[in-house]
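The lines below spell out each chain.
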Amino acid sequence: MREFDRWSASWYQLFEISLEGSYPMANRKRTKRHSKKAGLPPGTLVHVGERRLESVRITVIDYDENSFQEKLVPRIEDCFAFKATPTVTWINIDGLHDVSIIEKIGTHYDLHPLILEDILHVGQRPKFEDLEGYIFVVLMMFRFDDESQAVLSEQVSLVLGPNFVISFQESIGDVFEQIRDRIRNAKGKIRKMGPDYLMYALLDAIVDGYFGILERIGDKIESMEEELVGDPSQRTLRQIHNLKREMVFLRRSVWPLRELISGLQRSESTLIKETTGLYFKDVYDHTIQVIDTVESFRDMISGMLDIYLSSISNRMNAVMKVLTIIATIFIPLTFVAGVYGMNFEYMPELKWRWGYAGVWLVMLAITGAMIVYFKRKKWL
Amino acid sequence: MREFDRWSASWYQLFEISLEGSYPMANRKRTKRHSKKAGLPPGTLVHVGERRLESVRITVIDYDENSFQEKLVPRIEDCFAFKATPTVTWINIDGLHDVSIIEKIGTHYDLHPLILEDILHVGQRPKFEDLEGYIFVVLMMFRFDDESQAVLSEQVSLVLGPNFVISFQESIGDVFEQIRDRIRNAKGKIRKMGPDYLMYALLDAIVDGYFGILERIGDKIESMEEELVGDPSQRTLRQIHNLKREMVFLRRSVWPLRELISGLQRSESTLIKETTGLYFKDVYDHTIQVIDTVESFRDMISGMLDIYLSSISNRMNAVMKVLTIIATIFIPLTFVAGVYGMNFEYMPELKWRWGYAGVWLVMLAITGAMIVYFKRKKWL
Amino acid sequence: MREFDRWSASWYQLFEISLEGSYPMANRKRTKRHSKKAGLPPGTLVHVGERRLESVRITVIDYDENSFQEKLVPRIEDCFAFKATPTVTWINIDGLHDVSIIEKIGTHYDLHPLILEDILHVGQRPKFEDLEGYIFVVLMMFRFDDESQAVLSEQVSLVLGPNFVISFQESIGDVFEQIRDRIRNAKGKIRKMGPDYLMYALLDAIVDGYFGILERIGDKIESMEEELVGDPSQRTLRQIHNLKREMVFLRRSVWPLRELISGLQRSESTLIKETTGLYFKDVYDHTIQVIDTVESFRDMISGMLDIYLSSISNRMNAVMKVLTIIATIFIPLTFVAGVYGMNFEYMPELKWRWGYAGVWLVMLAITGAMIVYFKRKKWL
Amino acid sequence: MREFDRWSASWYQLFEISLEGSYPMANRKRTKRHSKKAGLPPGTLVHVGERRLESVRITVIDYDENSFQEKLVPRIEDCFAFKATPTVTWINIDGLHDVSIIEKIGTHYDLHPLILEDILHVGQRPKFEDLEGYIFVVLMMFRFDDESQAVLSEQVSLVLGPNFVISFQESIGDVFEQIRDRIRNAKGKIRKMGPDYLMYALLDAIVDGYFGILERIGDKIESMEEELVGDPSQRTLRQIHNLKREMVFLRRSVWPLRELISGLQRSESTLIKETTGLYFKDVYDHTIQVIDTVESFRDMISGMLDIYLSSISNRMNAVMKVLTIIATIFIPLTFVAGVYGMNFEYMPELKWRWGYAGVWLVMLAITGAMIVYFKRKKWL
Amino acid sequence: MREFDRWSASWYQLFEISLEGSYPMANRKRTKRHSKKAGLPPGTLVHVGERRLESVRITVIDYDENSFQEKLVPRIEDCFAFKATPTVTWINIDGLHDVSIIEKIGTHYDLHPLILEDILHVGQRPKFEDLEGYIFVVLMMFRFDDESQAVLSEQVSLVLGPNFVISFQESIGDVFEQIRDRIRNAKGKIRKMGPDYLMYALLDAIVDGYFGILERIGDKIESMEEELVGDPSQRTLRQIHNLKREMVFLRRSVWPLRELISGLQRSESTLIKETTGLYFKDVYDHTIQVIDTVESFRDMISGMLDIYLSSISNRMNAVMKVLTIIATIFIPLTFVAGVYGMNFEYMPELKWRWGYAGVWLVMLAITGAMIVYFKRKKWL
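Chains as they are written, first to last, in the numbering used here: chain A, 4 to 383; chain B, 4 to 383; chain C, 4 to 383; chain D, 4 to 383; chain E, 4 to 383.
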């Protein structure tokens, strides 16, 4: 058991490296984590992943159309009071290393132990579970951090209940800031809607985050195509390869999203109201568009490889032509010079008055013939 | 939210460049638009895309079997009167930057806010929505502008209601002129049919427009194949690559069309009468044919790449052969000349009466042997 | 509208060229037809395609188990009398350019205008329509014309009614001659069966015609494989490419056939009797076999390309080896000769009695060492 | 009509050649058969395929749990008596050229004419037909003949009736010998079971025969991989290509098998008892395994091609390096020697006492520098 | 019959070699086993596979929430008493060569003969059978043996009955040790659950074992990518090829797992309680993740091949450039020297005072021009 956990976490980091590798400002260190769970039964909760924070940060936003409160709570127990109120409660947990918090939430909100495991073990395949009393969603969140100029990725788990949404993140910083603003300022209709609309808003923000990454990759592809046309180097090849790997990873994160969201849409759970259905359809359309783009990018990248390879061939061709032109002109001339460098006693030409000039004429004629030949072959 | 909008618009432009790149007379400027929507709630309407027109142009065509009127209206409110009449009304909006017009239409015709967003955010994946009271379709329109000799593409949104069709375009100029003529002159049965037949006619015109593009691409493929056989260059490779990219883009626009139209066909909406069904089937067949052709073109283009690569190899081969022939003939001769250029005191050959002539004979023999060898190898 | 017609006709010709290109005796002229229909409403009938005949030829075969008559009729109206008789009537139209004939048939047999359009617009994707009162099928017919040694392709449309089959061809000459013979001579059970069996017989003859083409392509592949193994040239590459294009076209014609015939089979139309079902199953099996073969050929052709490319590499390798052997043997020898061609005053070797002989020995030793080296490297 | 027959038979032979080509001891002659059926109506029975036997051999095995008899019958009519008995009768026909025998069986056992055609026309796609009163199966049988060391393939047709199985083979020799033994000696439960179990046993023997072929191909792949790593040649390439073609053919024979057997399994025919179902499931599993292996082999073979191509490149690289090393060392040296071979009157170095030795030092220094450079470049 | 057995066992070994080949410490011997079963009826039980153990080891673990006993039994009959008790019994058989034991189990637990065959014939495709009274599962188990540093693979068969699980392994040593510990120490809820939970735990442990292998392969890919970027060699190519083959094999083992486990999940057998369903879903998710990773690895490996090939090209390019630079600089210089080495009587330059110096200047000028040219071409 739990070989899986170690593995999924390491896969997860593998990508981080790859992506950082191509966004140069991110740090590259990689710590080989040892399995923290080997030998434990499946019910035991252990956080697998880098400890990204000093302490877990818990924030609660509680609202309905008329009221609103937001607070940073020190202990998870402080949130539990909201469970009884009819208002929409959004509990956000930043940091997964304090297992006891997750356990308490699990007990209080009646979450299945396997769900708690999925929350803690980063590197999950995006998926959706429709369980009695709540809906569980786990997926990857990508975001570009302006400060470090790096693409950051982390696993986000969402639990939708009758009057609450709980979100679990690995570290502080997310793509939800605008949603918070909209709740705070009662912009749009988010305050009038239930927790299913909040769930939609969170998913939509995460999927929108993918477009940000894709835009960056698109820019990269474009700039690399210019490089390819101009002056491709071994470095270009490495970059193409990195892009390819990123697409491999993105596909892994994006394809399951499709099932996930269409599952949510078709779900017959009473937790998702009919009026919200159209919004989930919208997220679904965006997901399809992300998938389409990922596939198009894959096509483009493999096209770039073809161009790169034929650029190399072309350059080799150019090198060969120069060599051939120089060699085929001078080798015969050198031969001629060699002939009259021979020391035979009887070589009548050597005594001719115009011998030397004649040789030059011969050599010029050879050169001319060669040049005409190369022109005809279009090598010059 | 709305990261998506910025993104989709930029993808959209990416293609424009690509296509223009290969149809040389189009202008190439590309303005990097900044996100106009970042931070707004999902309900807010903002036009994302280039502002292509100074002012929005609104035209109304209202007809039934016996009556017909067409007018250019300054304000959108002037169209609303037609909603109450039983005649078929076609409202065409050229230009999307005046959001208030879209909003007013939305309010008057009861369109869902997400639909209005889809209309405004160019770069949508073609799709079809069957909503209560109306059917919404969004897709790409391609047309070749004879004046600028460029392929123009824009997003077209169509809304079909009980007695009206509203079409939204980004700029003036479309593939609908013949339909207008047919309505004006009561050619064919368009004046006898309802708005669903008008919807069909518009879709049919758009899909027919794809054949125009494909024909052009087909011509291009053909002329490039001749170039390939004749004298391929690095430029040829770039053109192949551009064609490939265009096919990637076209696929993205064309594949979803299939679902879209088959969705329309199978739709159980009462807005589409049974008699019009066969016409939609016809459009569907054309769409399949477009898809088939796009796929065939992809096959052909990848075949061209293979030919290009092997042409390069062949040429390198030819260069190498010339070099080898010249070098292998003259290097031994030069050696022979070098031998008799040595200054040893005791070199009996140098004193022979026929030494010099003998050396020439030897050299001719070597040359002859080489030529025979090359002939046998079929290099000459 | 009708951009499609021009397009489909030109696609159609594109292939003709390709196929003719590889069957050298066919003529190559290609006339760029201008759109005859641009600007007309969808109901207007215009023949799009080359005018292949001077005048339309109409033949009628009318039979039942006991009676038989066959005649060439000058006017289409002469056929209409057969509609009322219980016998099976087969009307064959060679030539599509006289639109009025098609129109009259359409009126008399109650065919939908869109069906008439499909008949006239060559280049249709093979398809099947089950309409009220009749079944419509359109597909491509291939046949090898012994006279011109060319593969001829034309569009065939079949209409199956309660007691008639109408077939539309572009030109005289088809694969149906044996069927006519069987009807004339009451061979087999064709005379005992209804029009659905005649329909089957026609489809079967067309699909059997595909095997003829495939056999020819198979022969070509085989002969080209021998060429590949023997002496591949740039011409070989072009032939491979042509074959590939033909397969692309054939796929386009063949894949839809599958749906078409399985559609016919599963059709619940009363026009096709249960006893004929097994015969359609037989045609279906043949179609699958055609598709299988086309796919296998595609595999083989792409394998041939691989072989071609590696043949080129191998040959380049051989050229390089010759160059390298010659150069690496003679360049050191020339150097040695050059050394003793220097004019230093103090060069003791020049005065040695056996200096010259010694140099020859050194040079022979170098040559021997090189040869041993090349032998060990297996270059000789 | 019947173009198909000629075609399928020739395809069939095409493979035979290919396979024999790679199993060198088989004979290679190929007779181009002319269509024997062109112009005949579909009901006419003609054997299409090579006549492999002098006379048709008919054997009957009749058994139940207690009784057993086996005999070689001269005339097919001698078998017909068994139809009335309740025992299981297995009639095996070796040789298809005597059409009258097939016709008599068809009449006596009430087989549909199209089924009789399928039996006679070798080169059928494997298929399964569930007809009233009997089940018909046609597939390919492969077997390795120890005597001729060749892979033999022939078409086998099986007809399962209420108390009989009829098998049709093209020639004597099959993979059924063990089944005969088991019936003769009442080994296993075959004598206790009905004709459906016999059918299963025959199919199982045929599918098991595929593993024999695959094992041979696997061995071949393995030995070729060793060759690839060691010393690949043009011959290796040809062998890879042959293997690839064989896989193309095998796929064609194997993929339809899947449908065939799953069709048998799911068939609701009363001819197959429920208890035999599990056995058919077993054959199905084996078929899937055959398909899996064929696909894996295809992957491996295409991997071998990649290795082959890069081996060629590597070797070319090696050749180039030798040339470059020799040339770049000696060309400068030759130049130096050439300089002091000039005949200028005023060349002070020529008169220096240590000039000659100095030149040697310079030349050694150049050589040394070159060698260091090559070492650093890892070319030496 | 049984050709299949020989074959499947040899496939099985083929992989072992491949995997061992890349994990160098494992032993490489491969004994070509001869078919032990050829000619036997399908009911006969014969073990096909290497005899991996001296004697068969049978262990029984019997437990419920309160009681627990574990013992090593010498004879299989000693286990049969547990069948009557209500406790959960786990019988584990290490070693398959003693057919009589398998037979006795088959008789006692009423297993179908074909199931017994599947257990004995290693090399089965993973599959699941839902039979009356028990569920049968066969799949591959991979584990890394720390002692021998080799990846070990063996076939595991599991039989789930109303109150027992029987597991069959080829050799001692498995991935179940932690499960045994959990049962012994009553860790987690395994002691409180039934045999279906035990079944889940075993499957989960096996699937988790796959992650261990994948992690190793991932490490390998990463280290090889570094090698590729640094200094790729022919050995690298071989390693890429080996990895590719391993992926081919892994796919074969992993893809059927998906069906297998989803089959178990959807099974309507009463042997699997509803509460265990979610656990099987968890295993299913892990399986999907294994498949995803295998596919991603395949993508990466084929990307590595591209890089390898273009690295070779790049290197050839570098070699060519060096050759070209040296040759194009010195060949003209050598020619110049050759000219003034000619022995014409009338060569005025030879007598000039500054002739020699002038020649040097000319040669320096040529060299300079060449260097400028190469700089501009970016070859230097």
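If you're looking for bench data, these hints aren't it; they were derived computationally from the structure. Quick caveat, the model's predicted, so the values are computed rather than measured. One should not assume that every hint holds.
For identical chains, the list gives no copy identity; a pair is met inside one copy or between any two copies.
[What the hints assert, rightly or not] Computed list of lysine-lysine pairs in DSSO-like fashion (alpha-carbon distance at most 30 angstroms, straight line): (1) Lys195 - Lys276; (2) Lys223 - Lys380; (3) Lys107 - Lys284; (4) Lys130 - Lys276; (5) Lys324 - Lys378; (6) Lys276 - Lys192; (7) Lys381 - Lys223; (8) Lys190 - Lys284; (9) Lys195 - Lys381; (10) Lys276 - Lys354; (11) Lys354 - Lys378; (12) Lys284 - Lys192; (13) Lys190 - Lys86; (14) Lys190 - Lys324; (15) Lys192 - Lys74; (16) Lys380 - Lys276; (17) Lys74 - Lys195; (18) Lys107 - Lys223; (19) Lys223 - Lys378; (20) Lys190 - Lys107; (21) Lys378 - Lys284; (22) Lys107 - Lys130; (23) Lys130 - Lys284; (24) Lys192 - Lys107; (25) Lys74 - Lys86.
Here's how the hints hold up against the structure:
Proximity of Lys195 and Lys276 under a CA criterion of 30 angstroms is satisfied intra-copy only: 13 angstroms inside one chain copy versus 39 angstroms between copies. Proximity of Lys223 to Lys380 under the C-alpha cut-off of 30 angstroms is restricted to the inter-copy arrangement: shortest distance 26 angstroms between copies versus 39 angstroms within a copy. In the homo-oligomer, the alpha carbons of Lys107 and Lys284 lie at most 30 angstroms apart only across protomers (24 angstroms), although the nearest pairing inside one protomer, at 34 angstroms, exceeds that limit. Taking the closest pair of Cα atoms, Lys130 and Lys276 come within 30 angstroms of each other both inside a single copy (21 angstroms) and across two copies (23 angstroms).
When the C-alpha separation of Lys324 and Lys378 is checked against a cutoff of 30 angstroms, the pair qualifies both within a copy, at 12 angstroms, and between copies, at 17 angstroms. Taking CA atoms no more than 30 angstroms apart as the test, Lys276 paired with Lys192 passes inside one copy only; the shortest distance there is 15 angstroms, against 37 angstroms between copies. Within a single copy, Lys381 and Lys223 get their C-alpha atoms only as close as 36 angstroms, which misses the 30 angstroms cut-off; across copies the closest is 25 angstroms, which meets it. Taking CA atoms no more than 30 angstroms apart as the test, Lys190 paired with Lys284 passes inside one copy only; the shortest distance there is 22 angstroms, against 40 angstroms between copies.
Neither within a single protomer nor between protomers do Lys195 and Lys381 lie at most 30 angstroms apart by alpha-carbon distance, with minima of 74 angstroms and 66 angstroms respectively. In the homo-oligomer, the alpha carbons of Lys276 and Lys354 never lie at most 30 angstroms apart, since the shortest distance is 110 angstroms inside one protomer and 106 angstroms across protomers. Proximity of Lys354 and Lys378 under a CA criterion of 30 angstroms is satisfied in neither setting, with 37 angstroms inside one chain copy and 38 angstroms between copies. In this assembly of identical chains, the alpha carbons of Lys284 and Lys192 lie at most 30 angstroms apart only when taken from the same copy (18 angstroms versus 37 angstroms across copies).
In this homomeric assembly, Lys190 and Lys86 come within 30 angstroms of each other (Cα to Cα) only inside a single copy, at 25 angstroms, whereas the closest approach across copies is 32 angstroms. For the identical chains of this complex, Lys190 and Lys324 are neighbours neither inside a copy (68 angstroms) nor across copies (65 angstroms), given an alpha-carbon limit of 30 angstroms. Taking the shortest Cα distances, Lys192 and Lys74 sit within 30 angstroms of each other inside one copy (22 angstroms), while across copies they are farther apart (38 angstroms). Proximity of Lys380 and Lys276 under a CA criterion of 30 angstroms is satisfied in neither setting, with 74 angstroms inside one chain copy and 67 angstroms between copies.
Taking identical chains as interchangeable, the C-alpha atoms of Lys74 and Lys195 lie at most 30 angstroms apart only when both belong to the same chain, with a minimum of 20 angstroms there against 42 angstroms between chains. With identical chains, the CA atoms of Lys107 and Lys223 are never at most 30 angstroms apart, being 45 angstroms at best within one copy and 40 angstroms at best between copies. Taking the shortest Cα distances, Lys223 and Lys378 sit within 30 angstroms of each other only across copies (29 angstroms), while inside one copy they are farther apart (40 angstroms). Taking the shortest Cα distances, Lys190 and Lys107 sit within 30 angstroms of each other only across copies (21 angstroms), while inside one copy they are farther apart (33 angstroms).
For the identical chains of this complex, Lys378 and Lys284 are neighbours neither inside a copy (64 angstroms) nor across copies (59 angstroms), given an alpha-carbon limit of 30 angstroms. Taking CA atoms no more than 30 angstroms apart as the test, Lys107 paired with Lys130 passes inside one copy only; the shortest distance there is 23 angstroms, against 40 angstroms between copies. Taking the closest pair of Cα atoms, Lys130 and Lys284 come within 30 angstroms of each other both inside a single copy (17 angstroms) and across two copies (11 angstroms). Only between protomers do Lys192 and Lys107 lie at most 30 angstroms apart by alpha-carbon distance; the minimum there is 19 angstroms, versus 32 angstroms within a single protomer.
Only within a single protomer do Lys74 and Lys86 lie at most 30 angstroms apart by alpha-carbon distance; the minimum there is 15 angstroms, versus 51 angstroms between protomers.
Going through the hint list in order, the structure does not satisfy hints 9, 10, 11, 14, 16, 18 and 21.
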